[in-house]
Amino acid sequence: MRSDRLDRAPLPLKISACLGLLFLHLPILLIFLYAFTTEEKSYRFPPPGLTLQWFAVTWNRPDVWAALTLSVKVASLATAIALVLGTLCAAAVSRSAFFGREAVSLLVILPIALPGIITGIALRSAFSMADIPFSFFTIVLGHATFCIVVVYNNAVARFRRLSGSLVEASMDLGADGFQTFRYVILPNIATALLAGGMLAFALSFDEVIVTTFTAGQQSTLPIWMLEELIRPRQRPVTNVVAMVVVLVTLLPILAAYFLTRDGDHIAGAGK
Amino acid sequence: MAAVAQAHPGNATISPAGTGSARLSDVFWRNPKLFLALLLCLPLLWLGVVYLGSLAVFLAQSLFAIDDFSGLVTYEPTLATYRQLFSDANFDIILRTVLMATSVTLASIVIAFPIAYYAARYAQGVWKAVFYLGVMLPLWSSYLVKIYAWKLILAKEGILTWLFTQLHLLWLLDAWLAIPVIGGNSLSVSYTGTFLVFVYVWLPFMILPIQAALERVSGSLVEASADLGAHPRQTFRHVLLPLALPGIVAGSIFTFSLTLGDYIIPQIIGSSRLFIGQAVYAQQGTAGNLPLAAAFTLVPIVIMGVYLWAARRMGAFDAL
Numbered sequence: 000m001r002s003d004r005l006d007r008a009p010l011p012l013k014i015s016a017c018l019g020l021l022f023l024h025l026p027i028l029l030i031f032l033y034a035f036t037t038e039e040k041s042y043r044f045p046p047p048g049l050t051l052q053w054f055a056v057t058w059n060r061p062d063v064w065a066a067l068t069l070s071v072k073v074a075s076l077a078t079a080i081a082l083v084l085g086t087l088c089a090a091a092v093s094r095s096a097f098f099g100r101e102a103v104s105l106l107v108i109l110p111i112a113l114p115g116i117i118t119g120i121a122l123r124s125a126f127s128m129a130d131i132p133f134s135f136f137t138i139v140l141g142h143a144t145f146c147i148v149v150v151y152n153n154a155v156a157r158f159r160r161l162s163g164s165l166v167e168a169s170m171d172l173g174a175d176g177f178q179t180f181r182y183v184i185l186p187n188i189a190t191a192l193l194a195g196g197m198l199a200f201a202l203s204f205d206e207v208i209v210t211t212f213t214a215g216q217q218s219t220l221p222i223w224m225l226e227e228l229i230r231p232r233q234r235p236v237t238n239v240v241a242m243v244v245v246l247v248t249l250l251p252i253l254a255a256y257f258l259t260r261d262g263d264h265i266a267g268a269g270k
Numbered sequence: 000m001a002a003v004a005q006a007h008p009g010n011a012t013i014s015p016a017g018t019g020s021a022r023l024s025d026v027f028w029r030n031p032k033l034f035l036a037l038l039l040c041l042p043l044l045w046l047g048v049v050y051l052g053s054l055a056v057f058l059a060q061s062l063f064a065i066d067d068f069s070g071l072v073t074y075e076p077t078l079a080t081y082r083q084l085f086s087d088a089n090f091d092i093i094l095r096t097v098l099m100a101t102s103v104t105l106a107s108i109v110i111a112f113p114i115a116y117y118a119a120r121y122a123q124g125v126w127k128a129v130f131y132l133g134v135m136l137p138l139w140s141s142y143l144v145k146i147y148a149w150k151l152i153l154a155k156e157g158i159l160t161w162l163f164t165q166l167h168l169l170w171l172l173d174a175w176l177a178i179p180v181i182g183g184n185s186l187s188v189s190y191t192g193t194f195l196v197f198v199y200v201w202l203p204f205m206i207l208p209i210q211a212a213l214e215r216v217s218g219s220l221v222e223a224s225a226d227l228g229a230h231p232r233q234t235f236r237h238v239l240l241p242l243a244l245p246g247i248v249a250g251s252i253f254t255f256s257l258t259l260g261d262y263i264i265p266q267i268i269g270s271s272r273l274f275i276g277q278a279v280y281a282q283q284g285t286a287g288n289l290p291l292a293a294a295f296t297l298v299p300i301v302i303m304g305v306y307l308w309a310a311r312r313m314g315a316f317d318a319l
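Protein chains in written order, with numbering that gives the first Met the number 0: chain A, 0 to 270; chain B, 0 to 319.
What the hints contain is simulated information worked out from the structure, not anything from laboratory work.
All of these numbers come straight from a predicted model, not from anything done at the bench.
Among the hints, a few may not be true.
[Said to hold, decoys possible] Once the Cα atoms are required to be at most 27 angstroms apart in a straight line, the calculated BS3-like pairs of lysine-lysine come out as: (1) A:Lys13 / B:Lys127; (2) A:Lys40 / B:Lys155; (3) A:Lys40 / B:Lys150.
All chains, full assembly: derive it from the sequences and hints.
Have a look at this one:
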């Protein structure tokens with residue numbers, strides 16, 4: 000397609016692209032440096048000294064562990080719900096044309112297209128109107144609502160590439176609908192679902208805006224961090240937690256990338 | 000066919016017609032509408048009823064007003080809350096937020112374009128992956144951690160001040176902070192700081208759609224323009240920019256909408272003057288004025304509605 004495979008980028012373009020990438024990454028790298036600083040009271044740069052003691056201090060903090068556990072539980076359940084609902088939506092939208100199809104895809108995107116604060120307050124006022132007390136499940140409900148779209152997007156893209164003739168062939172060979180789903184459709188969409196699930200987990204694990212409205216007294220890890228940001232109490236512990244959060248979200252993203260990267264080579268995709 | 004063969008163990012049995020599951024799948028096959036309804040009922044119950052329902056109930060609150068004496072909401076339809084929304088103080092908040100969203104969007108376009116263009120046209124092999132992950136990782140890494148990183152950077156004793164001191168340019172930073180509106184005591188309590196963090200946090204949302212639009216521009220168009228004697232600047236202005244415009248518009252939908260609704264960034268890094276998100280938060284929380292909060296919420300929705308309508312007319316959605 001392109002005739003210019005070998006031509007070189009102009010120098011100013013190269014420099015500004017590289018500067019842009021550096022702008023995106025240097026701040027995150029700085030977090031890694033600050034996790035080791037000996038300074039307790041301020042954000043002084045350069046750090047007066049380096050130490051590993053804050054890792055031990057953080058390890059022994061029950062509130063950090065409680066927040067982390069809650070976050071993992073919420074993200075797991077929200078991801079599970081989003082996987083089911085998102086796949087159902089994607090299957091319906093991609094397999095058939097029906098009245099209101101556009102509306103369904105808009106409805107799925109809406110919770111993430113509207114600012115989080117709107118989703119959060121709307122859910123909060125609905126909970127208080129229905130006299131539902133804030134609990135673990137109200138947090139999950141909020142998270143699942145906006146996680147559906149991530150699963151949906153991944154699944155829809157894969158369904159679109161999944162050739163209809165594969166399904167027809169399976170039917171011709173005598174398989175019923177459930178067997179076709181189990182042996183033909185599911186293996187083909189599995190990696191897309193896994194990738195969508197990982198992104199949904201990362202999204203939920205990191206969510207703070209909706210959570211501030213749907214959580215009662217409990218704090219997830221982002222809520223814990225937000226409190227530390229507004230009223231810093233123990234900065235070194237926050238530094239360590241921030242670094243761990245970066246590492247924890249990094250892995251699912253990388254995994255999701257490698258899972259969907261080779262999607263073009265799926266059987267029947269070219270038809 | 001490899002995937003099917005792997006997934007289908009050699010001896011998978013085919014159930015004879017007449018078993019329960021086969022009969023059920025026949026029913027679905029004959030009634031595609033029933034099957035569709037079954038597929039959609041759960042997601043629609045969740046999103047259509049729970050989510051849209053609470054959204055509608057909340058927004059409808061803006062039609063009521065709060066009683067000034069009792070502090071309770073009077074449930075009679077009135078436009079008083081909207082009058083309150085357009086009072087001077089509240090209108091300032093709206094104007095400030097829209098100005099911030101506009102400047103953040105413009106700055107994001109300028110920074111994003113070279114990255115997107117390089118990634119779309121020149122990056123190959125390993126570099127393609129580096130650029131892709133180089134945008135995806137910051138996009139997906141924790142929102143709060145990114146804000147926290149900027150708190151470290153912008154703090155008075157932080158790395159920026161140190162950097163300016165090392166370069167003997169501290170006077171420049173001080174001069175910048177002395178500028179009335181955008182300055183302040185330190186970068187972390189100024190609009191400049193808020194602006195920088197907004198640009199940083201939303202930048203990947205601008206890069207990806209522009210890159211998607213530029214991927215579709217054939218290199219031969221650029222060459223043809225050069226062959227016909229256009230200066231690179233003219234090529235950019237008359238060939239690249241118009242072709243990238245749908246991507247730019249798509250990206251600006253994200254940066255604009257996200258800035259309009261955010262309340263955490265200006266709360267942590269910025270001056271004490273409010274943005275729309277913070278006003279909504281304050282009204283529903285401490286002030287207890289749910290109708291005004293709902294009215295404030297409508298502002299970004301209306302602005303984005305108009306923006307989306309205009310963007311659709313420019314064909315921006317093909318690049319999403």
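Quick rundown of the hints versus the structure:
For the hint pairing Lys13 of chain A with Lys127 of chain B, the CA-to-CA distance comes to about 14 angstroms; that is within 27 angstroms, so the pair holds. For a cut-off of 27 angstroms, the pair hint linking Lys40 of chain A to Lys155 of chain B stands: about 13 angstroms separates their Cα positions. Proposed proximity of Lys40 of chain A and Lys150 of chain B is supported: the alpha carbons are some 14 angstroms apart, at most 27 angstroms.
The structure agrees with every numbered hint stated previously.
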